[in-house]
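For the record, the sequence lines run as chains H and X. Position 376 (the first sequence) corresponds to 376 in the numbering used here; numbering is contiguous. Position 223 (the second sequence) corresponds to 223 in the numbering used here; numbering is contiguous.
Keep in mind that the hints were calculated from the coordinates and are not lab data.
Partial chain X-side listing against chain H, Cβ under 8 Å, derived:
(1) T108
(2) W116
(3) L202
(4) R206
The beta-carbon is built from N, C-alpha and C at its ideal position, and this holds for glycine as well.
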Amino acid sequence: MYLRIHIENFALAAALRFQPGKQRGPVALVDHQGRVFECNSAAQGKDILPGMSMAKALSRCGSLQIINQDMQAERVAKRLLWNVAWQITPQIELGQGQDMGCATLELVRPDFQKLTLQIDRLLSTLRRYDLTARAGLAETPEWAVFAAIAAERSCFKIIPNKERAQELMACLPLPVLEALSAEHCAILEGWGIHTLAALAKLPRQALGERIGQAGLQAWDILNGQEKRRLHFSEIEPDYSQRFDLEDPIVDLEGICFLIQRASESLELQLEQAGKMARSVFLYLKLENGRTEQKTIRLPEATSRADLLERLLRNYLEQLRLKAPVCVLQLGVEPVDPLSRQAGLFERSVRNPWRLQETLDQLAGLLGPDAFGCPRPSDTHHPDRFRLEALSTDEPDTHSNSSTYPEGPPEMGPPMRRFYPPLAAKVLIRKGRPVHIATDIVQGDVERCNGPYCLSGDWADKEIWALAEWDVEITQAGVYCLRWQKERWQLIGAYD
Amino acid sequence: MAREDTAGIFKALAGKTGMCPATALLDPVKVAEQPIGADYGGASLLSTEGKSPAWELPQRQMIECVCTGPSVGGQSFLECLINASWPSGVFTALVDAGHGFDPGSLKTGPDNHFFWVQVRSCKQLTKALDIILRDDNFAFVAADLRGLSNAQLQTIQPFVWYRLQRLAHQRAGGCVVFTRKPSVRCADRRIALSRARCLDDLDQSRETLLTDIQNSVHYMNRGQVTIPEAAIAG
Chain H
1 MYLRIHIENF ALAAALRFQP GKQRGPVALV DHQGRVFECN SAAQGKDILP GMSMAKALSR
61 CGSLQIINQD MQAERVAKRL LWNVAWQITP QIELGQGQDM GCATLELVRP DFQKLTLQID
121 RLLSTLRRYD LTARAGLAET PEWAVFAAIA AERSCFKIIP NKERAQELMA CLPLPVLEAL
181 SAEHCAILEG WGIHTLAALA KLPRQALGER IGQAGLQAWD ILNGQEKRRL HFSEIEPDYS
241 QRFDLEDPIV DLEGICFLIQ RASESLELQL EQAGKMARSV FLYLKLENGR TEQKTIRLPE
301 ATSRADLLER LLRNYLEQLR LKAPVCVLQL GVEPVDPLSR QAGLFERSVR NPWRLQETLD
361 QLAGLLGPDA FGCPRPSDTH HPDRFRLEAL STDEPDTHSN SSTYPEGPPE MGPPMRRFYP
421 PLAAKVLIRK GRPVHIATDI VQGDVERCNG PYCLSGDWAD KEIWALAEWD VEITQAGVYC
481 LRWQKERWQL IGAYD
Chain X
1 MAREDTAGIF KALAGKTGMC PATALLDPVK VAEQPIGADY GGASLLSTEG KSPAWELPQR
61 QMIECVCTGP SVGGQSFLEC LINASWPSGV FTALVDAGHG FDPGSLKTGP DNHFFWVQVR
121 SCKQLTKALD IILRDDNFAF VAADLRGLSN AQLQTIQPFV WYRLQRLAHQ RAGGCVVFTR
181 KPSVRCADRR IALSRARCLD DLDQSRETLL TDIQNSVHYM NRGQVTIPEA AIAG
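Please model the complete structure; the sequences and the hints are all you need to start from.
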């Protein structure tokens with residue numbers, strides 16, 4: 001059995017996928033010679049036909065939207081068609097030239113019940129990507145073409161046997177058969193033969209004598225005597241998509257629209273190859289010549305387009321571009337999904353995507369250095385620490401608490417720091433503070449411990465040395481008082 | 001007449017709870033039924049059985065911890081909450097308006113589950129809280145407002161707190177807001193810490209210090225904004 005998939009107005013549909021504002025009303029696609037190549041049904045309703053000059057088309061419909069043929073978009077749509085079809089069988093012949101946008105699949109002993117579901121899914125997937133297709137299933141590739149032509153939009157038609165094929169051919173005109181030229185069709189119509197079924201009923205030898213080889217071939221095709229051998233094609237997986245934009249994009253929504261389209265194609269590509277994305281790469285070239293590049297490591301390997309899109313949108317919302325975007329490239333790093341599978345108890349983060357989104361939003365709000373996991377620095381200086389990024393990945397098994405020595409129990413209350421440290425006026429008597437006055441607390445020092453002298457970084461330029469006192473102020477609590485660089489400061493309160 | 005009565009009831013309820021009438025209608029005063037039941041290590045500070053009812057903090061609520069002075073035990077309480085094991089979520093977060101968190105002295109454990117967010121204004125604080133409270137990866141969220149002035153705190157509209165409270169209800173550990181004086185009108189519970197530290201506390205273990213706090217804390221219901229005299233007296 002053979003399955004024929006035919007995308008209606010392929011070049012136009014492929015170009016319109018990247019033209020968000022032009023999907024309604026009459027639209028015509030013009031080729032490099034300025035002639036109408038394809039047009040939608042709304043334009044056809046205004047008597048606009050392929051081959052017409054642009055001026056003529058515009059004179060018939062003033063509101064006609066003209067878009068140029070986009071070879072890049074066609075390649076993307078072709079790849080999309082191939083990836084979708086590959087989910088049924090890898091034996092795919094992609095149409096070339098006039099048949100661009102068509103695919104013929106060879107199916108060996110298909111399970112009709114399963115196949116029906118698969119074809120329905122295929123057509124709905126293509127419709128989701130704004131590619132309206134028809135499909136036909138028959139015993140020969142040519143009958144499958146007839147079935148696809150006769151099918152409704154986004155539906156498929158099955159021709160199970162020769163009788164049903166004859167019934168269908170009774171409704172199809174001669175030009176449907178590609179083996180016949182326009183000249184042959186005119187001759188046959190002169191004989192009163194107007195349908196393919198009528199042609200199929202003619203004697204083979206007589207037809208050959210009058211029309212020649214084309215007549216014999218046409219007869220064989222119509223009667224199922226000839227099965228064309230398919231030329232299966234193979235498209236190498238490509239995990240990136242690039243858009244060279246004629247009209248530079250000036251707004252976020254426009255960029256996100258292209259990213260959405262690219263993500264959808266990449267999702268299909270990943271599914272086809274049985275891979276998942278581990279990181280995503282975005283490249284933007286601006287009109288002023290500057291470029292922006294960003295590689296985002298995904299919190300969890302995925303092939304879902306919506307997750308990629310959300311992650312990139314978060315990044316783009318924080319990005320301030322100073323010129324319109326004229327080139328956009330989106331790529332993913334594919335990985336084998338099995339190699340990323342976590343064990344039952346390994347995963348710690350409940351929703352790594354949500355966490356990544358939270359971190360991105362916080363970075364946009366506060367800056368990337370304002371949050372993280374505090375860790376002590378490799379120094380004795382009491383003020384120094386470092387902030388580590390919160391890991392959204394699988395937990396590091398080496399950072400298990402059991403690998404850390406317990407150490408002595410913590411004594412005393414933790415300190416709450418004053419930021420910045422409060423300048424203090426301190427009265428010293430017999431080498432000990434007896435009275436403290438700051439903006440928030442003042443009073444007599446009831447008791448104190450200290451001084452605790454610390455110093456370090458002796459080999460560096462910035463040598464530091466300080467002395468700290470723990471002071472209890474009457475009915476106000478316990479504080480840390482520091483003498484450093486010839487001045488007193490209240491560092492924090494033992495809280 | 002009946003409508004006026006109803007409005008009067010709403011107003012009375014709102015006055016009692018410190019919330020706007022509509023909010024009070026949606027979320028009337030409830031008595032805490034379920035304790036946290038989390039394991040707080042050896043201190044068992046907030047455990048329920050046989051302990052003071054003051055520490056029976058309910059789950060999934062917004063709690064305001066009023067620290068009447070700079071050295072009354074707020075950080076000890078915060079440390080206890082950060083290191084608690086919550087029934088769901090992975091991370092605990094502190095949104096710190098005063099940059100008062102001291103990584104050197106406050107124990108957060110060796111794992112990477114504590115998340116510190118430093119904010120500089122009320123606007124940043126409420127937005128950051130909003131973002132974090134919406135993420136179910138966080139079991140417990142704390143906000144330290146002690147670094148903000150009264151004028152800054154007054155710029156936060158009550159409805160913002162109400163929205164945050166609704167979000168806090170979705171977190172296992174809820175949200176605890178540390179303030180210097182009662183500021184979160186719609187807080188489900190309010191506790192006051194007022195006993196000033198003394199120098200001898202520096203030689204006590206943290207478990208002992210937590211027990212001391214437990215014995216000195218004052219517990220207030222929703223809408224009760226006046227701190228008892230006994231609490232201030234310590």
